[in-house]
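Chemist: Each chain is listed here by its residues.
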Amino acid sequence: MEGLFFNVNNGFLEGIVRGYKAGILTQNHYASLTQCETLEDLKTQLSATDYGNFLANEASLTTTIISDRATQLLVDQFNFLRSNAVEPLSKFLDYITYSYMIDNVVLLITGTLHERDTHELLERCHPLGVFESMPALCVATNVEELYQSVLVETPLAPYFRNCLSAADLDDLNIEIIRNTIYKAYLEDFYDFVGALGSPTSDVMRTILAFEADRRTINISINSFGTELTKEQRAKLFPAIGRLFPDGNNALAKADDIEQVRLVCENIPEYRSFFDNSPGGSQDLGELGIAAQLEDRFFRTEVRLNKEAFLQQFQYGVFYSYVKLKEQEIRNLTWIAECIAQDARDRIHDYIPIF
Amino acid sequence: MGDDYPSMFRSEPMSLVQLYIPTEVAHDTVTELGELGNVQFKDLNPNVNPFQRSFVGEIRRFEDMARKTRFFTSQIEKEKDPIPIRPLSDSAPLITVGPRAARTIDELDDVLGEHEARLVQMNESYKTLNERTKELTEARYVLRETAVFFDKAETQQTEVRSSFDDSSAPLLQYDDRETQHSSASQFELEFVAGTIERSHIPTLERVLWRLLRGNLYMNHTDIAEPFVDPVTSVETRKNVFIIFAHGEAILAKIRKVAESMGATLYPIDANADKRADSLREVTARLEDLQTVLYHTGLTRRNELVTIGENLSRWQDVVRKEKAIYETMNLFNYDVRRKTLVAEGWCPTRDLIVIQTALRRATEESGTNVVPILHELPTHKTPPTFVRTNKFTEGFQAIMDSYGIATYQEVNPGLFAIITFPFLFAVMFGDIGHGLIILFASLYMIANERKWARANLGEPYGRYIILLMGLFSLYTGLIYNDLFSRTLHIWRSGWDFVNMNGIEVGVPTGRVYPFGLDPAWRSADNGLVFANSYKMKMSVVLGVIHMTFALCLQLPNHIRFKRPLDIYTNFIPQMVFLQSIFGYLVVCILYKWSIDWTTRSTEPPSLLNMLIAMLLSPGRIDPTTQLYAGQGFVQVVLVLLAVVCVPWMLCAKPYFEWKEMKKIQGQGYVGLDHHDGLRHSTDEGLEIEEEGNGRAAIEQMEEEHEQHDFGDIVVHQVIHTIEFCLGCISHTASYLRLWALSLAHAQLSEVLWSMTLEGFLGMPGITGIIALALIGSLWFGATVFILCIMEGLSAFLHALRLHWVEANSKHYQGEGYPFMPLSFAKLDEKD
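If you read the protein sequences in the order shown, they are chains A and B. Those letters in the first sequence? Residues 1 to 354, by this note's numbering. Those letters in the second sequence? Residues 355 to 1184, by this note's numbering.
Warning: the hint list may mix true and false statements.
Stated by the list, open to error - Quick look at which bits of chain A chain B covers, simulated, 3 or more residues with Cβ under 8 Å:
hint : region
1    : 37–45
2    : 52–65
3    : 120–133
4    : 147–158
To be verified - Straight-line C-alpha distance at most 20 Å; calculated EDC-like pairs for lysine to aspartate or glutamate:
hint : chain 1 : residue 1 : chain 2 : residue 2
5    : B       : 434       : B       : 579
6    : B       : 676       : A       : 41
7    : B       : 610       : A       : 58
8    : A       : 230       : A       : 246
9    : B       : 676       : B       : 397
10   : B       : 610       : A       : 258
11   : A       : 323       : A       : 145
12   : B       : 432       : A       : 58
13   : B       : 610       : A       : 145
14   : B       : 481       : B       : 470
15   : B       : 481       : B       : 551
16   : B       : 610       : A       : 123
17   : B       : 610       : A       : 231
18   : B       : 676       : A       : 40
19   : B       : 676       : A       : 115
20   : A       : 230       : A       : 258
21   : B       : 610       : A       : 40
22   : B       : 610       : A       : 94
As the list claims (entries may be wrong) - In silico contact screen, one side only, chain B against chain A (beta carbon under 8 Å); selected entries:
hint : residue
23   : 403
24   : 404
25   : 407
26   : 414
27   : 415
28   : 421
29   : 506
30   : 557
31   : 561
32   : 570
33   : 571
34   : 610
35   : 614
36   : 820
37   : 1125
Think of the hints as simulated: they come from the structure by calculation, not from any bench. Note that CB positions come from ideal geometry on N, CA and C, so glycine has one too.
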């Protein structure tokens, strides 16, 4: 049934987004990109791809410029999609921007706390998550004020209600706020895609469930050895995902990485995350495992997002495209950074998409 | 290759040439060849990454120079008063060949760099100056606007005070009030004033309201004039705002919020005299700044004018040089890295010209090592190159957009020059409309040079329109249509006599010498007659066109030495087509030639005759017999057509199979034999060309032979079915000539009778005015609906008749275009 009417409102945009997706760099492109000697070479190589001559008018190249311009391309594409979308797709696309908004809010609060220059902070915000009254965030000194003055009119307001209790803004509290908001956001998004009905909810719930699990695992690992109590930790876990509820309970009580690993063993897909950690944990150290884990999370995310394109007549493709493109920009930045810093041995550590 | 003159009948014979170019003359040689524009270079290092090639450094350098020229162009375009860019034709060329070339390029690079640096610096200072002007202007606005607020507040203040006095305040606070009075004679509230972008005003208001819980008084007014950024020329509109609030902390908060939202704050004094002072000061400084700004702007403009004088030749040089180095990247170094090896296709006819160009290049570069050119024998299919001029170009483009002709195939573009406008005119026939498009095309041709200089549009479409107009005149004369009216040039062949109250045409014995007799226009059965005539005419034209297209197979078969195809394809196809449709055409002509009023039999319906001929051969209704012995002739023709089908279907596969058997019987293994021979002769050449690909090809050839035969059978079956069905559907398809011509005539008649006809006889001054109004309406509709819309539709149908109906009879169109390195084309591309 969904195929019958989907195209009336969304066929055009789905076509557009699938076209955009065809422009995502492939393994071949990466192979030639990694051979580049200088950033100029990189520019030449990229001009043969869908990026075209997006760097043609830059007098000097830096990694930041490359990633900024690439992000700008993504933002332009996204804005095109957003301005052509109708309900409920427009709402869905708005949901995608909320996660960037959360990041921006947290970035601004943290920055203000450490007395950074506001304009510098504003420049570092992700353009997808910019909202009008955002600059005013920097005057807030406590959560209450933050909420009352600025956030109350943003879509993030409902997520904030749960964490109004935290009194002062310090690093730990901000981290707690971030995770609480994110948890609320994920759960809300999860419900929203559920309300959209079958193909969209199937695809998106898989992706969001993984996103939730990833956060849960990350929070657990990062909270080891901090003053965060176990009860507080349990409150930060999103109440969705494949680890929920048994895994979440176990993780809330976990004390070291080994226990996290055991919890993940229960999910076949997650088993590989900790694959060689028993042997390599000594030389990698906790930090090494976390880095390796992060990498594997990204790989899994890319795989899930790629799978979203196998289904038609659903909104997952829009979400997945943005995420894949974001990954691609991370890859580009990584490669550019490796070239710029002459760390050629690590240049292959990007995450291939297609 | 024996032709002395280039013709459009076949594409040019091409040669694969190899050039050994000493490194020091490489650049000049490529320049000469690029000016000449008739060598298409092959990529000799397909496996090398674009940035690993030999001349990447040079290309980068020119890309950077191109970036600089683009920067200049954008700067010049942004200037409000247009700055003249001297066209390329007026400027002295930069010499980029010969021994001084390198220095010229270096100098050019320096000059560009200098100009860029100067321009950037000027932009920078212009920007800072502008920024400061903007700030001062804003400050002035803030001062002016806030003065209004203050004045208002002042008057309110007195009111407040007076009411204050009246109220029964506690006496104890009297002292307090006294002190307050003295200070409040100026003002007592603190405030923040500044400017902010208009779109941010509501947000600012909202945020501040919530942040201060409503404890503020905010006022704002629009600044009428927009601020224009000089570099990006983006307009921004701003507002002046003033916020009154109480308390140092709150004010700090307001400042922070306002600043983070992009507002500019200005310190304003509460004292009116001080405000007046600062206003004066600001105005004075503003005037100074504007003088400086004006001078900076003038210098910048002068700089841009200087750049504008040279810009187009710089662009030209940069573009050419980049193309040259990109071409040189396709070349290969020989073993000692002293010479470059280039390979490419060029027209065999131009070999001598190329040789001369090579020698000239050597002379110019001042060395005495001549690049060596020699032809390579090859079995590769060369690109298709048809020499065109501005007249033939358009017609060739029509055929090329269907498919590029196979190398040396008969080129239908040549015949399209006449057939295309003719078929168009059959559908568009009207003297008046033909004249309109004829004059339109003449106007375009007259302005050709002027427009070419201004780079307006492609030149070749206008010659197609010219011929279309001429042919429309001709067919219009035949149809005797002038804006749906008739011309009475000669005496009509009919007189109208009143018989029993009905006007009946009586032949006068004269025959109207050319075209349709105008008497038919007024006759009741005029439309029936025109229909019958045009329908038959389109079938006749269609069969002639298809027969002609079919005949074009013959030169192809002869040229490619395929005698088998003549006997197994061409002849049966021709017999099939002629025995059915050729016979129909003969019948049409024969039926026209008979005066049926003097015959005893009824005129036969030719359509029914054709159907009966195929369904019940041999039986003829004697009342509608066309000629004696018709039954026998038709049986023979149908038999001939039927025989042709298996002939086409089986003959070619059979002969192919026999040939294969013969070769196998001689102990060879089919195709491998030929390939083996070729490989050994062209070994040297092929190693470079095919590289690794060849092993795979050889492996495949084992199975090749089986596939080949299967392919031939399948191909032949499809071809036969397509041809037989095609003959019927294509003949029917030519009826569109009739349909469109009818629609065109009817439409123009309707237009005439709906508009002009009623107003022609109106007397007096109103009649003239009405005629003028309606006449212009009629003319507008004629041009837009009948000439442009109908013209496009007729064009489209003519295009289809050429692409589908005619081209399917002979055209293979499997070639690839010849794309030489040519500086002239380079300009077109941009």
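Chemist: Is it true that the CA of residue 481(B) sits at most 20 Å from the CA of residue 470(B)?
Modeler: holds (16 Å)
Chemist: Is it true that the CA of residue 481(B) sits at most 20 Å from the CA of residue 551(B)?
Modeler: holds (19 Å)
Chemist: Double-check residue 1125(B) for me: the hint is only fine if its C-beta lies closer than 8 Å to a C-beta in chain A.
Modeler: With a closest approach of 50 Å, the residue 1125(B) hint is violated.
Chemist: Minimum Cβ distance from residue 571(B) to chain A below 8 Å?
Modeler: With a minimum Cβ separation of about 18 Å from chain A (threshold 8 Å), the hint on residue 571(B) is violated.
Chemist: Would you check whether residue 610(B) satisfies its interface hint, that is, whether its CB is within less than 8 Å of any CB in chain A?
Modeler: Nearest chain A Cβ about 5 Å off; hint holds.
Chemist: Just to be careful: measuring from the Cβ of residue 614(B) to every Cβ in chain A, is the smallest value less than 8 Å?
Modeler: Holds - the Cβ of residue 614(B) comes within 8 Å of chain A, reaching about 4 Å at its closest.
Chemist: Identify whether the interface hint at residue 414(B) stands, where standing means a beta carbon of chain A within less than 8 Å of its own.
Modeler: holds (6 Å)
Chemist: Given residue 570(B) was flagged as interface, is its beta-carbon under 8 Å from a beta-carbon of chain A?
Modeler: violated (13 Å)
Chemist: Regarding the pair residue 610(B) and residue 123(A), is the alpha-carbon distance no greater than 20 Å?
Modeler: Holds, at about 17 Å.
Chemist: Can you confirm whether the C-alpha distance between residue 676(B) and residue 40(A) stays at or below 20 Å?
Modeler: holds (16 Å)
Chemist: Is it true that the CA of residue 676(B) sits at most 20 Å from the CA of residue 41(A)?
Modeler: holds (17 Å)
Chemist: Holds or violated: are the alpha carbons of residue 432(B) and residue 58(A) at most 20 Å from each other?
Modeler: Holds, because 19 Å separates the two Cα atoms, which is no more than 20 Å.
In summary, the structure is inconsistent with hints 7, 10, 11, 17, 19, 21, 22, 25, 27, 29, 32, 33, 36 and 37 from the numbered list given earlier, while agreeing with the others.
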